[in-house]
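Protein chains: 2
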Amino acid sequence: MYRTHTCGELRIDNVGQEVILSGWIQGVRNLGGMTFITLRDRYGITQLVFDENTSDELKEKTAQLGREFVVKVGGKVIERSSKNPKMPTGDIEITVNNLEILNKSEIPPFTIEDETDGGDELRMKYRYLDLRRNPVRANLELRHRMGQEIRKYLDGEKFMEIETPYLIKSTPEGARDFIVPSRMNPGEFYALPQSPQTFKQLLMVSGFDRYFQIVKCFRDEDLRADRQPEFTQIDCEMSFVEQEDILTIFEGLAKYLFKEVKGLDFTEQFPRISYEEAMNSYGSDKPDIRFGMKFSEITKLAQGKGFKVFDSVEYIAGINAQACATYTRKQLDALTDFVKRPQVGANGLVYVKYNEDGSFKSSVDKFFGAEDLQEWANFMNAKPGDLLLILAGGKDKTQSALNDLRLEMGDRLGLRDKDTFAPCWVVDFPLLEWNEDEERFFAKHHPFTSPKKEDLDLFETDPGKMRANAYDFVINGVEIGGGSIRIFDADLQKKMFAALGISKDEAEEKFGFLLDAFKFGAPPHGGIAFGFDRWCSVFGGSESIRDFIAFPKNNSGRDVMIDSPSEVDAKQLEELALNLKKPDLK
Amino acid sequence: MYRTHTCGELRIDNVGQEVILSGWIQGVRNLGGMTFITLRDRYGITQLVFDENTSDELKEKTAQLGREFVVKVGGKVIERSSKNPKMPTGDIEITVNNLEILNKSEIPPFTIEDETDGGDELRMKYRYLDLRRNPVRANLELRHRMGQEIRKYLDGEKFMEIETPYLIKSTPEGARDFIVPSRMNPGEFYALPQSPQTFKQLLMVSGFDRYFQIVKCFRDEDLRADRQPEFTQIDCEMSFVEQEDILTIFEGLAKYLFKEVKGLDFTEQFPRISYEEAMNSYGSDKPDIRFGMKFSEITKLAQGKGFKVFDSVEYIAGINAQACATYTRKQLDALTDFVKRPQVGANGLVYVKYNEDGSFKSSVDKFFGAEDLQEWANFMNAKPGDLLLILAGGKDKTQSALNDLRLEMGDRLGLRDKDTFAPCWVVDFPLLEWNEDEERFFAKHHPFTSPKKEDLDLFETDPGKMRANAYDFVINGVEIGGGSIRIFDADLQKKMFAALGISKDEAEEKFGFLLDAFKFGAPPHGGIAFGFDRWCSVFGGSESIRDFIAFPKNNSGRDVMIDSPSEVDAKQLEELALNLKKPDLK
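As they're listed, the protein sequences go chains A and B. Letter by letter, the first sequence follows residues 1 to 586 of our numbering. Letter by letter, the second sequence follows residues 1 to 586 of our numbering.
Treat the hints with caution; some may be incorrect.
[What the hints assert, rightly or not] Here are the in silico distance ranges between beta carbons for each label pair: (1) 340(B) with 508(A): 50 to 58 Å; (2) 453(A) with 52(B): 44 to 52 Å; (3) 556(A) with 544(B): 53 to 61 Å; (4) 120(A) with 174(B): 32 to 40 Å; (5) 543(A) with 274(B): 53 to 61 Å; (6) 184(B) with 446(A): 20 to 28 Å; (7) 453(A) with 119(B): 18 to 26 Å; (8) 111(A) with 274(B): 54 to 62 Å; (9) 436(A) with 574(B): 24 to 32 Å.
[Claimed, not checked] Calculated pairs, PhoX-like style, for lysine-lysine (alpha carbon to alpha carbon, straight line, at most 20 Å): (10) 104(A) with 158(B); (11) 158(B) with 152(A); (12) 519(A) with 158(B); (13) 581(B) with 571(A); (14) 519(A) with 72(B); (15) 453(A) with 72(B); (16) 444(B) with 495(B).
If you're looking for bench data, these hints aren't it; they were derived computationally from the structure. Ideal Cβ positions, reconstructed from N, Cα and C, are used throughout, including at glycine.
Throw the hints in and build the complete structure from the sequences for me.
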């Protein structure tokens with residue numbers, strides 16, 4: 001037997017018991033006649049003590065021990081003379097009378113501590129050692145807990161988990177597919193799913209009514225920071241529902257997870273923010289509503305006063321940074337530099353200090369008197385002591401830049417605490433999105449997304465104005481999920497394809513089997529998909545999804561631990577009837 | 001709102017309520033002035049009634065309805081005059097005052113009934129309609145229930161579900177990999193996992209202690225009947241355990257599933273049968289122990305009596321088919337034909353009828369007298385009225401053929417009821433398997449499987465005799481799962497590689513990163529993997545795993561519904577730096 005207890009289990013009540021523990025050597029401290037060893041496993045750390053009564057043989061063994069050796073020890077639980085209240089097992093220790101080295105360890109390339117000395121690359125190469133560290137293990141424990149609780153909730157709501165295939169069909173739509181050559185069908189390929197979208201809609205046609213799956217999805221994209229070629233989705237679909245039904249069920253899921261996983265009670269309905277309001281107030285369709293600082297548009301107020309920069313633009317708006325009128329020149333310059341960064345893209349920043357004494361000091365004093373500025377201040381709900389930060393330019397670009405500035409100010413003012421959670425729904429997304437390059441509309445969500453009934457007339461008159469029954473779920477400015485009510489009516493679908501410039505033949509080729517299925521009695525249905533990695537990372541208070549994936553890939557799509565992708569045998573390619581284009585360049 | 005209730009929900013207590021239901025038209029019966037319509041959804045069937053009070057408008061609508069139309073109806077729950085005790089909703093019906101056709105349906109290519117008129121191929125092409133049928137839906141409901149309960153049990157036992165990657169590295173070992181070309185690393189490939197074996201062992205090195213995952217695996221094999229290129233595994237691994245710990249935990253899982261999913265109590269320990277005993281008694285390492293009819297070897301008893309066929313062979317054994325002495329010539333001929341089939345491969349069948357009157361009649365009366373046959377009968381525990389069926393030949397081949405005959409007799413005698421479950425463990429598998437063609441040993445399980453301690457000396461003297469800490473879980477003659485205790489000691493691993501003829505360089509190339517990981521303190525560990533599709537099919541009483549997969553592939557690895565695999569755009573291949581070998585042959 002390797003153990004009677006785990007290393008996280010023993011308490012003062014166990015004093016006097018003979019126990020067996022197994023685990024890894026965390027540390028060895030020699031204090032003259034006494035040796036203290038900390039033994040670690042997944043469940044915790046227990047202190048072992050070797051004192052003057054320890055046999056010579058045992059002492060010799062302990063002298064051989066190094067960090068990360070695997071040992072099994074037998075001994076008696078005793079009360080510690082100096083207790084450690086920070087450790088759950090801190091009231092006790094084990095006087096060891098038996099020690100067996102189960103396995104040795106080379107010296108690890110970095111320390112297995114909460115704060116390690118290992119750099120990112122080294123830790124990824126030795127990910128199996130990185131995973132031994134408490135914070136990383138805690139992340140995966142959180143992920144495990146999330147997965148189990150999600151299933152518990154959805155099972156309780158009568159959702160059926162149904163596995164859809166991984167070897168599916170490539171469609172030249174959306175992101176790039178990973179493809180898989182078929183040996184049994186030479187010259188043909190499977191594709192790995194970017195999402196089970198069509199399959200879940202087929203399952204609704206099949207009458208499964210409520211489907212979910214926690215499932216890997218694949219996208220062969222050029223990886224931006226924090227994107228992974230394989231990622232996990234909580235994929236859900238329901239029949240005989242309207243948007244409201246879906247929001248209710250999945251707001252329920254979110255509240256359940258907040259409660260079960262984070263211990264947080266959300267009793268009120270989550271805020272629902274229209275896409276339009278989100279853009280106008282936050283400049284983003286994934287607003288971080290942990291703090292206010294909403295945009296105020298002052299285009300009308302600020303134009304016509306002779307300030308050419310303002311007079312020539314489409315849009316002028318600002319935020320009110322409360323109690324920041326005392327910002328120094330240096331601080332304001334830093335903010336100006338921030339908004340001028342290419343990633344943010346503003347041309348400059350206008351500030352208005354509303355001083356405690358009621359006076360104003362602004363970067364546009366030449367053009368605007370105290371009366372003008374007072375008007376802005378009133379409009380923007382500023383009080384003496386506040387600082388107004390104003391950007392101007394094209395509407396979309398300026399909203400985007402002001403969003404960045406707002407988040408930056410939120411960070412600077414400590415308004416974005418990772419342990420505070422502010423969930424919301426963003427609803428009423430536009431149905432279509434105009435693509436300047438191709439001069440045509442694209443589906444904002446996907447081509448099966450249903451328009452709002454009240455907007456149907458706009459198909460003929462102004463399709464760009466149509467709103468969709470589409471919704472995103474956002475926590476702390478991070479898009480956690482999104483979905484839509486689907487079109488299930490053949491005529492409406494035709495109109496939609498027409499608006500997207502998709503011909504009948506093209507529709508047939510791309511979505512043929514789904515359209516065929518819809519001929520046999522498709523129910524009204526809709527769904528949502530959540531990014532599981534992302535949800536875990538937000539709950540874990542991290543910005544990186546990699547921290548919540550056991551074996552992530554780097555930004556070149558490589559797994560540096562197993563050194564993959566890699567070359568394959570010529571025989572394998574032969575069997576697949578494939579040639580490499582440049583076989584001799586490597 | 002689409003519904004206040006589902007079609008499976010209404011009972012006599014609901015009489016008098018106004019309800020809204022949505023679903024598919026199962027059938028329409030016109031009985032003069034009355035029309036009865038059955039409305040179906042996932043949850044059940046409810047009868048709608050339209051009588052003389054029905055408005056003309058509504059009557060007109062019902063006249064348009066066809067099978068599988070999707071409708072929403074409003075009406076009042078009333079008590080049926082002639083109740084249907086076979087239907088959960090059979091006490092009530094709905095008098096409809098409102099009907100909306102949500103979607104029409106073309107006439108389905110086969111009937112959506114428990115017993116359909118659709119052939120296999122047609123049902124696969126229209127799988128989304130096949131899935132509407134009760135038995136198929138029930139299979140996937142069983143699968144869903146299994147998945148949830150497995151997670152509940154393992155979570156309760158402190159197993160963590162950890163997702164391992166799908167884009168991994170090809171290893172030219174075992175079955176053939178599916179490979180995935182990497183665009184970002186031209187000329188290089190990922191492989192899809194055949195199992196997460198190495199990753200779960202790495203997770204043990206990482207200290208996760210108890211891991212599981214319900215996960216898709218991939219094998220590019222020439223498909224035999226009922227094999228799928230992608231299949232689902234319940235993959236588990238534990239640290240600081242011996243074989244007994246693993247058997248205990250997973251016997252617990254099986255008992256829990258029998259109880260929760262099938263309502264069956266298994267209170268006794270499952271039988272544990274050594275590999276040797278399984279082969280000697282059943283001729284199979286996955287014995288169906290729903291019935292006895294064990295083999296009796298009579299080589300010594302039967303040789304030396306002048307019957308050349310017997311005298312010249314390695315092995316003679318038989319089974320006792322109780323109360324079958326009355327078998328006719330025709331029945332016995334059929335059995336002889338059965339064993340002579342190429343798949344079974346015996347040369348002939350010897351029978352001995354032990355008649356009710358105590359006399360014997362056999363196909364070898366010329367060589368064996370009543371005394372001889374009585375001796376056989378005694379040895380084989382036969383009573384008057386029994387029939388002995390005997391095969392002779394090489395030991396392996398004869399055991400295999402006698403296994404087939406035993407199962408055939410089990411079927412003929414009704415001893416293999418699909419609702420009776422007989423689980424067992426098969427243990428003490430051989431460590432190595434001699435390959436005649438390559439004249440070397442292969443690992444029976446895999447190269448990390450640990451030999452039994454007491455057999456270690458055999459490495460030098462008789463490696464073929466070594467037994468492994470390996471075990472299979474079998475229900476009703478179907479292998480549901482298998483696993484082993486792993487080698488975690490570097491020296492022992494070296495010996496194992498030596499026995500397998502794997503050089504140091506080869507080991508480094510194939511298992512390098514796992515061997516590297518083992519240098520940093522690998523704990524003793526072991527695990528098991530269950531075939532999830534298979535387990536579902538056995539619980540569901542079916543021999544086909546395809547019945548328990550929502551969207552299975554056919555025997556050529558094709559999904560005929562979505563028509564995959566398929567050709568891809570030249571541009572996709574271009575991006576992947578690949579050429580097809582015979583681009584113009586298609």
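Requested in this report: List, from low to high, the hint numbers that the structure doesn't satisfy.
Outcome: 2, 3, 7, 8, 10, 12
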